[in-house]
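Student: Protein chains in written order, with full-length UniProt numbering: chain A, 1 to 169; chain B, 1 to 1097.
Hints were generated in silico from the structure; no laboratory data involved. A hint or two may mislead.
[Stated by the list, open to error] Here are some chain A residues pointing at chain B (derived, C-beta under 8 Å):
1. Gln16
2. Cys46
3. Asn75
4. Gly119
5. Glu135
Ideal placement from N, C-alpha and C gives every residue a C-beta, glycine not left out.
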Amino acid sequence: MQFMLLFSRQGKLRLQKWYVPLSDKEKKKITRELVQTVLARKPKMCSFLEWRDLKIVYKRYASLYFCCAIEDQDNELITLEIIHRYVELLDKYFGSVCELDIIFNFEKAYFILDEFLLGGEVQETSKKNVLKAIEQADLLQEVSKFSFSGQSISMVGCDLKKAPVSLSL
Amino acid sequence: AGGRSGRSLTPWPGQQEKLIQQELTSLKATVSAPTTTLRLMKECMVRLIYCEMLGYESSFGYIHAIKLAQQGNLLEKRVGYLAVSLFLHENHELLLLLVNTVVKDLQSTNLVEVCMALTVVSQIFPREMIPAVLPLIEDKLQHSKEIIRRKAVQALYKFYLIAPNQVQHIHDKFRKALCDRDAGVMAASLHIYLQMIKENSSGYKDLTGSFVTILKQVVGGKLPIDFNYHSVPAPWLQIQLLRILGLLGKDDPRTSELMYDVLDESLRRAEINHNITYAILFECVQTIYTIYPKSELLEKAAKCIGKFVLSPKINLKYLGLKALTYVIQQDPNLALQHQMTIIECLDHPDPIIKRETLELLYRITNGQNVIVIVQKMLDYLKESKEEYAIINLVGKIAELWFIQTMNAVFSVGGDVVHPDIPNNFLRLLAEGFDDRKEDDQLRMYAVQSYLALLEEEDALYPQKFLQVMSWVLGEYSSLVTDVDPEVILTKLHSLLKKTVITSETKMWIMAAVTKIASHASCSKIVDKLIQEFSNSLDTCMRQYAFELKHLCEDKALMRNLLPFDGSCNDMVVDASLSFLDGFVAEGLGRGAAPYKPHHQRQEEKLSQEKALNFEPYGLSFVSSVSSSGVTGRQSPTGLSFGSDTSGNSAETGHKETNTLKLEGVRRLWGKEGYLPKKENKVGKENEPQTVSCGSLLAGQMGDPPALRSDQVASLSEEDKEKQQLASTLFIGLGSNAGVSLMGKADTATQKFKRKSKINETQSSEEASDFQDSAASDFGPLLDTVPINMEDCEGNIRTRLRKASLCSSDIVEDNLAFETPQSLKKSGPDDRLPDIRLSQSSLFADSNIEIFQPSRNAQSESASKTPLVPCLSEELEELTHSEVVELCQSDALALYLCKVWTDDSLLLIVFVSNKTTSALNAVNLVFEEAEHFQSTTYQFPVIEAQNVERCQKRVWMDKICTQGILSGSVNYQSEMETRLEFSITLSLVDFIRPMEMTTEDFGKLWLSLSNDVKQNIKMSSSQDSLSATLSTLQQKLKLHIVDIIGNEGILACQLLPSVPCLLHCRTHSGMLALWFRSPCSALPDGLLYQCQKVMEES
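Chain A on its own, in the form it takes in the complex (with noise of 0.2 Å):
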């Protein structure tokens, strides 16, 4: 895998893990070209994508586009199931996800992800030994601070509700 993006529909990014070396110019500019691409599909089109010399598999769950950029031998379908398992253990660990906690919680996102892909290639399959392993991380940590102030929720405005990222194939 090339790289992964979270965004919006919206067309905000809220995750981006690159495991190709590239400049910050470079990256800006797929990104920005990328999510135009894939906002401007329709909801009955093919996940798949040939995107410059590139292949991208995306997948929309609620507000969130998840979307990957693979060579051109790489598996689409398994590709689309990466995706599944990634919302899946997010599911699991913050417990029916919702874009929010994706927003105020990237760096666990991150720690999953990390968990889960491993230089761009599948480390660890298992929803079990993924989350063990965060969670061995996290027993670390003292008790959470991680609830978000009221007012911080009122900034962010009324398209983003607290609705799950659906989990319905």
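We have chain A; now place chain B onto it with these hints.
Tutor: The following block gives chain B in isolation, referenced to the frame of chain A:
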């Protein structure tokens, strides 16, 4: 630590911008403050990551991320490592600062710390620092915890990717990992193996058994339940193994044998209707088609592909098309089975599906369906907006269309093809376009297509085509890496032995053999060839064989002499022959007379014997070596690149094939295809083909109606169209294609028949008259004769147009040839399409404009009697001729004015109505002549005492000193009246000055090959050079570049842009003119004009 307002979103972008900038400023202050605790630093890092994701510059924090990873406690370290892995790329210099931290953490007793270090190493690590951590990571392969072992393997995989040499010595440890008791560690090691096998599959054949066993266990559900994904056992592992097996079994029957069983089982087990099983199935199918084929498995895989293609799920359909694309070359029949689905996908609303379908069609393109497929691609291109897709597709179209069309042209045109055409074709291939990769692809495609053509044992190709093939094979066959040069040499060798091959073609083939031999190390075929032809009766062949022999003995020289892709490199020719200086000096030393150039001898001769005019005997001074041998001319470079291969000089013959003679060849082919204004055979071929199209239709119309089965009638119109499209797309595909498609083609023509009846009821009688002959000539629609291919294309094209109208998807139809229907339907006045067909004209014209003079002009001209037309103001400013009368009758007068614009000759024709009543329906016709095609201007009405005008742009295509345009004007009065006129166009009308510097002149001069020299006597009035040159400048519109002493240089161009350079020198009352131009006829023409000017003045 406060709230996380920095990370919250605001609905107003402007406010967000401000907020983030504020946040960044405060973060910058915080991270650099010495009092900042690590805990606060951690918080800062998280915010920085967020800011960076939003696209803000946060590099000031990078160093602090490294510090945090170094100094923090576990939680802080974790964030520090995360920030480092997100901020830095693997070549970032700050990364070196991380190495010590990683080394320390790898040695930690805390598992979590080790895990973090391994995780960051697997993502980014400076290549040159690998040795610092490698031993530590190797140790971790023996760690008791599988998670550590797994991450260690993954880190090694990363090292293998960035620096394979550094981990070469631990390959046995990879094997150990492969045999690890934990499936996760084993799975991780497969990443490394996949990579290594990709690079060198033969080195790992011995592991095939192990991979097969592992896959068997996985498929059989022997792994712990943890590895299941939606109750499918370890799908990621399965897919990885399938990919490895595919690479190992490729082209290897024995290795493939080992995996047939497990592949069969994988196919069988993957039954649940879930995406993940389809993922496995897809990989399985790909593996089955990659390895050495087994019919039983192929059958099952084909069924599987069918499931994909027919699936209502769009993702699966896409993959089905992709799989079809993958297997199409091996199994074209599979595409035939699904042709209707493919046709439907061509019009799919999702562009991605369309694109994949086009990719599929691209693979099945052959001579018979290329036009339809290219048309489809062009349609897609028009809709497509994405730049990358367009580039990609354009390349493919060029490839397909270009090579295939040229193949057709060469096979059909054969030896009557004008020699320019193959030369142009090869030049285009050699020079390429802008993109190196694309060029090579095109060349590779050409090589492959020729190899395929030569594969057919008994096929006979025209000599010209064989010459083109051998040149391309010689130049570019080394681009195709999967073909042994020996194979190509064998093919060329067998060609050489055929009796039908002319000796000229043999030369081309020998040149190709020489070129291929220079790339290959040593070859038995070449040795054999040398032996065989060293005793050839053909002196040329013998010469070639000897050359080849000597070159083979000195490989270094050979490579030097024949560099790869050197056909475009300018060959430096030492025109001064300086290497002969020694020889000359020696000769002079022995008392030989010094050499005098030809014109000097001539001049001396002339000045010596002024009393007598020796002009007619000028010939005798020409040295017999000079090949041009015409009075007053010689080739100044002394080198002849002519196509003389009769063998008088093997040296020149050799050079000729090495560097194509491309100068002076007109450019007929552009990237977008044939540039349709020049005369050549291709253009001429269009005519008979379109005609035959008509006769075929006529023939079909006469078919007995019994053929129209009810079944056909019951099909909906749309389906029939699809079937018809299918028959054209899949024509010539697969072994039984001919049989299965015949029926479909029939229904297609029948449908067409019905439509054409409606259109042409009156012409049906006439049509049935020649149905018999047409039917016998063009009977089988699916015959492979290219003429019939054109017919099919004609059918399809009309159909396509209808279809596109139905779907309100209007395709602009700029097609080169119209279908016969539309030609017949068009009225007699609508002759414009004819212009495209008659390619033999001398001039090209366009931009026909008829316009009304402005009100002012009208009233002005009306006030003058008799009507003397004048130019509009804008034209008045340009150089123009006098307005001259062309012809005149009682009612009408025609005037002409030539306007010499910078880029063309404008002919302005004024039609003046001398009567007091309006003239109706005035037609101005430029008649079709040898040099010109007919064009008609219509003036519906010309008011009394009024002038109308029309203008016509003309260029000269074929150079001649004078051309005549004749025409007539007719109008309706009491009786039909007709006036004739003619316009003389001189070469000078098309000559324009060409401005350049003396340096540019020098460069251009050296690059031009066609030259003409002539001495002209100067009359007494033109005693000075500058006076003479200014005469030339005025009369011929030449540009004086420079005058030095008794020499002057001038430059001009023939419109649109053929340069011609002139060098003048005065010498005892003579003016020596020396012309050079890339066009051979231009110097002659200009010389004539110069002489005329000099005589007149």
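Student: All hints are to be evaluated individually against the structure, with a verdict given for each.
Tutor: Tested hints:
1. Gln16: holds, 6 Å
2. Cys46: For Cys46(A), the interface hint holds, since the closest Cβ of chain B sits about 5 Å away, which is under 8 Å.
3. Asn75: holds, 6 Å
4. Gly119: With a minimum Cβ separation of about 5 Å from chain B (threshold 8 Å), the hint on Gly119(A) holds.
5. Glu135: With a minimum Cβ separation of about 11 Å from chain B (threshold 8 Å), the hint on Glu135(A) is violated.
Hint 5 from the list above is the single one not met by this structure.
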